[in-house]
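J.: Below are the chains, spelled out letter by letter.
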Amino acid sequence: MGSVDGKIAIVSGVGSGMGTAHVRALVAQGARVVGFDVKVGDGATLAEELADDRFILLEGDVRSAADWKRIVEVCETRFGAPSVLVNNAGILGLNRVETVTETDYRTVIDVNQIGTFLGMRAVAGPMRRQGGGSIINICSTSGLVAFENNFSYVASKWAVRGMTKAAALELARDGIRVNAVCPGETDTPLIRADPTVSPPTGLPFGRWARAEEIASAVVFLASDESSYMTGSDVVVDGAYTAR
Amino acid sequence: MTARLDGKIAIVSGGGRGMGVAHARALVREGARVVSFDIHAGEGPALMDELGEERFSFLSGDVTGAADWDTVVAHCRERFGGPNVLVNNAGISPVHALESVSEAEYRKVVDINQVGTFLGMRAVVPWLREARGGSIVNIASTAAHVGFADLFSYVASKWAVRGMTKAAALELARFGIRVNTVCPGDTDTPMLRAVAGASGDAVPPPEELPMGRWARPEEISAVVVFLASDESSYISGSDLVVDGAFTAQ
Chain A
20 MGSVDGKIAI
30 VSGVGSGMGT
40 AHVRALVAQG
50 ARVVGFDVKV
60 GDGATLAEEL
70 ADDRFILLEG
80 DVRSAADWKR
90 IVEVCETRFG
100 APSVLVNNAG
110 ILGLNRVETV
120 TETDYRTVID
130 VNQIGTFLGM
140 RAVAGPMRRQ
150 GGGSIINICS
160 TSGLVAFENN
170 FSYVASKWAV
180 RGMTKAAALE
190 LARDGIRVNA
200 VCPGETDTPL
210 IRADPTVSPP
220 TGLPFGRWAR
230 AEEIASAVVF
240 LASDESSYMT
250 GSDVVVDGAY
260 TAR
Chain B
2 MTARLDGKIA
12 IVSGGGRGMG
22 VAHARALVRE
32 GARVVSFDIH
42 AGEGPALMDE
52 LGEERFSFLS
62 GDVTGAADWD
72 TVVAHCRERF
82 GGPNVLVNNA
92 GISPVHALES
102 VSEAEYRKVV
112 DINQVGTFLG
122 MRAVVPWLRE
132 ARGGSIVNIA
142 STAAHVGFAD
152 LFSYVASKWA
162 VRGMTKAAAL
172 ELARFGIRVN
182 TVCPGDTDTP
192 MLRAVAGASG
202 DAVPPPEELP
212 MGRWARPEEI
222 SAVVVFLASD
232 ESSYISGSDL
242 VVDGAFTAQ
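Just so you know, the protein sequences line up as chains A and B, in that order.
If you count by our numbering, then the first sequence holds residues 20 to 262, one letter each, in order.
If you count by our numbering, then the second sequence holds residues 2 to 250, one letter each, in order.
Chain B with its partners taken away, still in its complex shape (with noise of 0.2 Å):
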């Protein structure tokens, strides 16, 4: 039986820690190579370590930079091959409240979750388009999809990573490239503990969530490998939500 993303080659962004870590291992796992990178090296050498580098590597680099995602592309080629698949998983979530958030952390969030995302489609469209087609996966939120009081330049960024994922998908309909997002809920990671240790209203406890627990990031990579796979051909300018029922309610 062949591995489900045999012949992918994924760029991953944010994989330093938390979720990206995640999603760079169930991608190797069924049988993509990997390019990951985050600003903050973080768990990023141990993973290359891990997983070893026929199949995964590990830069530095910025995502509001876009001269570093071309050396992340350009990187991603020399290793394995032109990207078919990209992971815009990179993300910040200070707690602040609309009254109180300075102009500059405001900016700072929409440059690294919202610009970040923007510059990481445009980098690898020409590749995508190169290959005939291929999938972009933006990670969203719950955030995208309802408000969270004291969160409001993530909520901000996080509804604007939906709506280019919807622009994005028809402008690239065409070309086979398929654009799409996961919107996790409360999810147990580095970024997550340190919310609900900033504010207690962003973060309930999980006893109290629908299924009475926090998501584990391997539940939201199983969707972002579903996503990058052929098994969801036809899906393009949609948001799979992994929230264990939370905005059902």
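Only chain A is shown next, with the shape it has when bound in the complex (with noise of 0.2 Å):
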């Protein structure tokens, strides 16, 4: 018996790293899952991969809520009412305070931080109406310290744990539980494309984390044995933040 039997989960960011980590996982522990990006990417391997009343690959924007509303009416339809969302979605922003432009700035709130809020008003009323729910927002070890040359997205990942903890709140009572989990550096071609992450050599753990240990965390608060856990960040990080 798997740890999500029965669940229906929306994965956002399914076209490449961790959000495919996070689908394969689910599917695993016995979800079935509607996984979307804006260019499915990896997820046709995925598609192919896993079968079809198992798995569906949708195309969406995370910043657009008409993609929103449609990706959850499709998840409505073939599997039922979404009882785990996963915003996985995130962009990097190479850039610092004194020279980001106006527009880099926003282009990674739209997609780091708005993706998530629109993802969370969108399934909160499908996910009450079935009784309950879990929605996991993919935060960073950015949301709990800084780092240099990522001014944006450190902005957009704070505003996902906030989000988190307000959301908890509200939702609360109907049973909706809102968790972050904050990787730390993670072997996601995201990660590769970054030049100013530092070697793995210097972590305590002497590596980054492979994206199934993310999604292993994911797997556990999409389940119900994380019923008692709401508004909390799980750092998955090898004790980089505890320096």
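Calculated directly from the structure, the hints in this document are not laboratory data.
Take these hints with a grain of salt, some might be off.
[Unchecked claim] Computed footprint of chain A on chain B; a stretch qualifies when at least three of its residues, placed anywhere within it, have a C-beta under 8 Å from a C-beta of chain A:
no.	region
1	220-229
2	241-248
[Said to hold, decoys possible] The calculated lysine to any residue pairs, modelled on SDA-like cross-linking and capped at a C-alpha distance of 20 Å, are:
no.	chain 1	residue 1	chain 2	residue 2
3	B	Lys-109	B	Val-96
4	B	Lys-167	A	Leu-222
5	A	Lys-184	B	His-146
6	B	Lys-167	A	Gly-225
7	A	Lys-184	B	Gly-148
8	A	Lys-184	B	Val-96
9	B	Lys-109	B	Ala-98
10	A	Lys-184	B	Lys-109
11	B	Lys-167	A	Arg-82
12	B	Lys-167	A	Arg-262
13	A	Lys-184	A	Leu-209
14	B	Lys-109	B	Arg-214
15	B	Lys-167	A	Phe-224
16	B	Lys-167	A	Lys-58
17	B	Lys-167	A	Gly-221
18	A	Lys-184	A	Ile-128
19	B	Lys-109	B	Ala-157
20	A	Lys-184	B	Gly-213
21	A	Lys-58	A	Arg-82
22	A	Lys-88	A	Arg-140
23	A	Lys-184	B	Glu-209
24	B	Lys-109	B	Lys-167
25	A	Lys-184	B	Arg-214
26	B	Lys-109	B	Ala-67
Note that beta-carbon positions come from the ideal geometry of N, C-alpha and C, so glycine has one too.
Using the hints, put the two chains back together into the complex; each one sits in its own frame.
T.: Dropping the structure here:
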């Protein structure tokens, strides 16, 4: 028996990296998943790998309320009301407070922060009607401390962490739990594209996280094993922020 | 399918009642072998009947005594092998304020909650290193994130547990030893009911909590199991707050 048997999950940003790992882990533990991304990318491989009564791949943009509405509708029609949402889509912004353009700043906020807000807003009603659920917002150690040259990213991730706590309080009485997973440096295309990332040898664990190690925390929060956890940050950073 | 805690050998302090009993049950159910101990036997002997001696052993012991920790570890090695999981669960929470607490009472709380946790970590580290890794789970509290009136020494000791967890996580990362806290909110245990009876301020009625209820001990144990398992292989130095959004307020 899987730990998320019977759960119906929506996962954003399944086109690469962590998103594909979340989908694999959720399906392996018994969930049915609707995944989407602005470009399907590696999601196509997932769609071939997983049975179509377990995984549906869609195109969609987290910045668009209309896209969220359509994705929730597909989920309800094909699988039923969502009981899990993983707000995973995100982009980096390699910039500094002094030099970042307003456009670049807004681009990062739109995807990482507005996208997370729109996702939560889109699923809250269906989750409440089906008796509760679990929302997992992928945050970052950048939501706990700051990093240089990541100005807009840090801003967006602190906002995600704050929204998580506010939403947890608003939705607690409806049986909807809202938590953040805060990964440290994880071996994904996103991190490999970031020249400011420190080499893994300098980390307490001497290595980056594997995407599967983040996904197992997501599965735990999606499952009923975490039934009294809400408003929390699950930091998966190999003691990076303990320093 | 293999159990989540196959091959895990765990030591649980404060195993005689409340949360400690729930942790032992959950760890054994997921495939671990467990040695529990407590200064008061409480439900320990009954738990031994329930879980069976193949999987569970209960001892009398005091977390404030380094010699007692040595005895518990030696017993664990003899019965099941060297430990690779430690759950520092023993704790007390007498109700008193800064102005009125005696030095002796303060030291007693710090001895059990804080020094006991330190001694436990120190006692198992050689065996976790020999096992090429392991997981230490320190039971802290929401009182390690915020303050509560009339729980002065408890709050002090729990903030210290949280700090020690991060320091130990950094020291032990290179050996594959993970160290984390679980920080429960109000959980329905004999300890909480005693605090609720003694002070109206420290424990609000459950209907005033965001989720409208206290946690059940099993809901804390499920998080202990997750941290004991390899599912949390990159989690170290972290606090898993299990408080139904209490500290999100």
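J.: Has the given pair, B:Lys-167 with A:Phe-224, been kept, meaning a C-alpha gap of at most 20 Å?
T.: 14 Å, holds
J.: Please work out if B:Lys-167 and A:Gly-221 have their alpha carbons no farther apart than 20 Å.
T.: 17 Å, holds
J.: Starting from B:Lys-109, check that the Cα of B:Ala-157 is at most 20 Å away, please.
T.: 12 Å, holds
J.: Does the structure keep B:Lys-167 and A:Lys-58 at a Cα separation of 20 Å or less?
T.: Outside the cut-off at roughly 40 Å; violated.
J.: Would the hint linking A:Lys-184 and B:His-146 be met if the CA-CA limit is 20 Å?
T.: 15 Å, holds
J.: For the pair supplied as a hint, B:Lys-109 and B:Val-96, is the alpha-carbon distance within the 20 Å limit?
T.: With a Cα-Cα distance of about 13 Å, the restraint between B:Lys-109 and B:Val-96 holds, given a limit of 20 Å.
J.: Given the hint that A:Lys-184 pairs with B:Gly-213, does the C-alpha gap stay at or below 20 Å?
T.: 17 Å, holds
J.: Given the hint that B:Lys-109 pairs with B:Arg-214, does the C-alpha gap stay at or below 20 Å?
T.: 31 Å, violated
J.: Would the pair A:Lys-184 and A:Ile-128 pass a check requiring their Cα atoms to be no farther apart than 20 Å?
T.: 18 Å, holds
J.: How about the region 220-229 of chain B: do at least three of its residues have a C-beta closer than 8 Å to a C-beta of chain A?
T.: Coverage by chain A holds for the region 220-229 of chain B (6 residues, Cβ < 8 Å).
J.: Next pair to validate is A:Lys-184 with B:Arg-214; report whether the Cα-Cα distance is within 20 Å.
T.: 18 Å, holds
J.: Does the alpha-carbon distance linking B:Lys-167 and A:Leu-222 stay inside the 20 Å limit?
T.: 14 Å, holds
Checked against the numbered hints given earlier, the structure breaks hints 8, 10, 11, 13, 14, 16 and 24 and satisfies all the rest.
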